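Student: Each chain, written out:
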Amino acid sequence: MSRSLEKLIKSLGRLPGIGEKTAGRLAYHLLKCPDEQARQLAESIGQLRDNVFFCPRCGNITEEDPCDICRDERRERTVVCVVEEPSDIRAIETSGSYRGLYHVLGGRLSPLEGMGPDELSFGKLQQRIETSRPRINELIVATNPSVEGDATALYIQQMLNGSQVRVSRIACGLPAGGHLEYMDALTISQALHGRHNL
Amino acid sequence: MRVDRLKLDNFRNLVNATLEFAGRGHLLIGDNGHGKTNLLEAIYYLTLLRSFRGSQDSECIRFGEEYFSIRGYWADEQESRENLVVGYDGRRKKLVLDGVEKRKVSEVFGAFKSVVICPDDIGIVQEGPSVRRRYLDIVLSLYVPGYLDCLKRYRRALASRNVLLKRHATAANAIRPWEVEMAIYGARLVTGRLEFTGQVEPVYGRLFETLGGGEQSSLRYQSDLLKAAGHDGGDTVDQEKLAQVFEQRLEERRSVEMERGTTLSGPQTDELVFDLGERNLRSFGSQGQQRTAVICLKMAEAELFQHSRGIKPVLLLDDIFSELDPHRSQRLLAELLGRHQSFITAPRMEAVFDRLGHLVPLKVEQGEVRPL
Ligand SMILES: [Zn+2]
Chain A
1 MSRSLEKLIK SLGRLPGIGE KTAGRLAYHL LKCPDEQARQ LAESIGQLRD NVFFCPRCGN
61 ITEEDPCDIC RDERRERTVV CVVEEPSDIR AIETSGSYRG LYHVLGGRLS PLEGMGPDEL
121 SFGKLQQRIE TSRPRINELI VATNPSVEGD ATALYIQQML NGSQVRVSRI ACGLPAGGHL
181 EYMDALTISQ ALHGRHNL
Chain B
199 MRVDRLKLDN FRNLVNATLE FAGRGHLLIG DNGHGKTNLL EAIYYLTLLR SFRGSQDSEC
259 IRFGEEYFSI RGYWADEQES RENLVVGYDG RRKKLVLDGV EKRKVSEVFG AFKSVVICPD
319 DIGIVQEGPS VRRRYLDIVL SLYVPGYLDC LKRYRRALAS RNVLLKRHAT AANAIRPWEV
379 EMAIYGARLV TGRLEFTGQV EPVYGRLFET LGGGEQSSLR YQSDLLKAAG HDGGDTVDQE
439 KLAQVFEQRL EERRSVEMER GTTLSGPQTD ELVFDLGERN LRSFGSQGQQ RTAVICLKMA
499 EAELFQHSRG IKPVLLLDDI FSELDPHRSQ RLLAELLGRH QSFITAPRME AVFDRLGHLV
559 PLKVEQGEVR PL
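The listed protein sequences derive, respectively, from chains A and B.
Under the working numbering, residues 1 to 198 are what the first sequence spells out, in order.
Under the working numbering, residues 199 to 570 are what the second sequence spells out, in order.
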């Protein structure tokens, strides 16, 4: 086999959800498909890496600093929804029922996977709460309803204990063990309206 | 519950076939090694989604084949029908309930209810406390909605806390969230186990007295958390208070447990105690008494769910009559069996089976099941 082909198969195989077999199939497809199609893919990957970064304020995926959501003056600036990953923002935005800002943690607490408080953006969240004007007066914790997601929510509540910020957790409507990313829009908007105080 | 049909593909030594079952059940007669226990195992796969003999799924694939599949059709007490496919292809398990593929075991667990009694069950009395906790957890997962999820969540929170304890330097605010979750789910586990023990106990005691020729045996759930919460010994407990007591205890013992690198209290240390009069059945009971106890426990489990939910689990009995000699216990057992669809294996027809005239005898020979 050619070295270049082998290298591509190896790279593709490292992507999540792609096994050796699929990687091989994709690589052969890229070899046989029109030249332009393959080059366009390579180019988009390059552009993604050049232009896209994480919003320094909220951690959302963006091409501008700050991101669309942080910049949008019509949004409610006193409410912040805390999520694990940028993909969770997309899921909530699709529901169209939330008008506040976001904060991306970059994961969740999980000692079993080596994720402690230092690996997540809790410090930045606290700083945001202390310095944002107008003041943030409500946090909605929308971490996944897993054991880890719940522990993360409890950690945040503990962190803000005694502060003026009201912390609530979306809880209803989400089946235990499910993941936000896969919920349909309706379930998430119901969950947001059904939120309760921790 | 009544299993009507079973379609087998490549399961152990059983010949690929679709078997039709009688409503009252069957006697399965055959020499050892010919497949009669494999047939019970296949039926129980519909309940437990794995082998009751502790085998890996891969060990159940017939030699030289790539996969096995079991498809069972059953009806419940209201005659509503369901079917389930449990398959394994060497890599992953496939579960299809009524034509819909299910990703989570908890969505399928307990859909078909059966109780198996086999010679190895004596381990429930003879072996360590973890075997008895495992028994309780399986029964409760089958019959109490949400218990299995709760158990998984508790175990994950416990494992997370243990990792942090081993790291020693962990700050209180990093470990507390896991303790809060352990307290919530742990209290639910203890409550469920206590309630089950309380409900099954009188039925167990009655059966033991009759099957054991007048001897007295009883069951109780022993838990350090219940003790700490000042529990009075009844069948119920204030779950919220129990969670508070547990959370407080985890906090108090944090530094000691950090030294030991593990959590020392909670439902993972509890025990189901079999008493024989004033003594412990596990330490002082004879082999015969211990065997009787296990049969009584499992029959009581079946009776309990008939009383409380109107569910009559299918009974799967692997060669237990040969172990019971007094006529009285055989008569009683036969009577109990008459109320449930039953599958009973034995090496040969025996006199006691006259009492089981309602069961249709089948012969199991070299993996083939046919009329006797
Ligand atoms: Zn932003």
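These are calculated hints, taken from the structure and not from any lab test.
Predicted model only: the values in this text are computed from it and were never measured.
Honestly, I wouldn't trust all of these hints.
On the chain B side, residues computed to face chain A include the following (Cβ under 10 angstroms) [unchecked claim]:
no., residue
1, 352
2, 354
3, 368
4, 369
5, 371
6, 481
7, 486
8, 489
9, 533
10, 534
11, 546
As a list, the in silico DSSO-like pairs of lysine-lysine whose alpha-carbon atoms are at most 27 angstroms apart [unchecked claim]:
no., chain 1, residue 1, chain 2, residue 2
12, B, 561, B, 205
13, B, 510, A, 21
14, B, 561, A, 21
15, B, 292, B, 364
16, A, 21, B, 291
17, B, 205, B, 350
18, B, 311, A, 21
19, B, 561, B, 292
20, B, 302, B, 291
21, B, 291, B, 311
22, B, 205, B, 510
23, B, 292, B, 302
Cβ atoms here follow ideal geometry from the backbone N, Cα and C, with glycine treated the same way.
Student: All hints are to be evaluated individually against the structure, with a verdict given for each.
Tutor: Going through the hints against the structure:
1. 352: It holds, given that the least Cβ distance between residue 352(B) and chain A is near 9 angstroms, below 10 angstroms.
2. 354: At about 4 angstroms, which falls below the 10 angstroms cut-off, the nearest Cβ of chain A leaves the hint on residue 354(B) intact, so it holds.
3. 368: 8 angstroms, holds
4. 369: Since chain A brings a Cβ to about 8 angstroms from residue 369(B), closer than 10 angstroms, the hint holds.
5. 371: 6 angstroms, holds
6. 481: 37 angstroms, violated
7. 486: 44 angstroms, violated
8. 489: 39 angstroms, violated
9. 533: 42 angstroms, violated
10. 534: Given a least distance of 37 angstroms, the restraint on residue 534(B) is violated.
11. 546: Violated, about 49 angstroms.
12. 561(B) / 205(B): Holds, because 18 angstroms separates the two Cα atoms, which is no more than 27 angstroms.
13. 510(B) / 21(A): Not satisfied, since the Cα-Cα distance of roughly 48 angstroms exceeds 27 angstroms.
14. 561(B) / 21(A): Given pair residue 561(B), residue 21(A) is violated - Cα atoms ~46 angstroms apart, limit 27 angstroms.
15. 292(B) / 364(B): Violated - the C-alpha atoms of residue 364(B) and residue 292(B) are around 37 angstroms apart, more than 27 angstroms.
16. 21(A) / 291(B): Holds, at about 21 angstroms.
17. 205(B) / 350(B): The given pair, whose Cα atoms are some 31 angstroms apart, is violated under the 27 angstroms limit.
18. 311(B) / 21(A): Violated, at about 40 angstroms.
19. 561(B) / 292(B): Cα-Cα ~30 angstroms, so violated.
20. 302(B) / 291(B): With Cα atoms ~10 angstroms apart, residue 302(B) and residue 291(B) stay inside 27 angstroms; holds.
21. 291(B) / 311(B): 20 angstroms, holds
22. 205(B) / 510(B): Roughly 23 angstroms separates the two Cα atoms, so the pair holds.
23. 292(B) / 302(B): 10 angstroms, holds
Violated hints, in rising order: 6, 7, 8, 9, 10, 11, 13, 14, 15, 17, 18, 19; the structure is consistent with all others.
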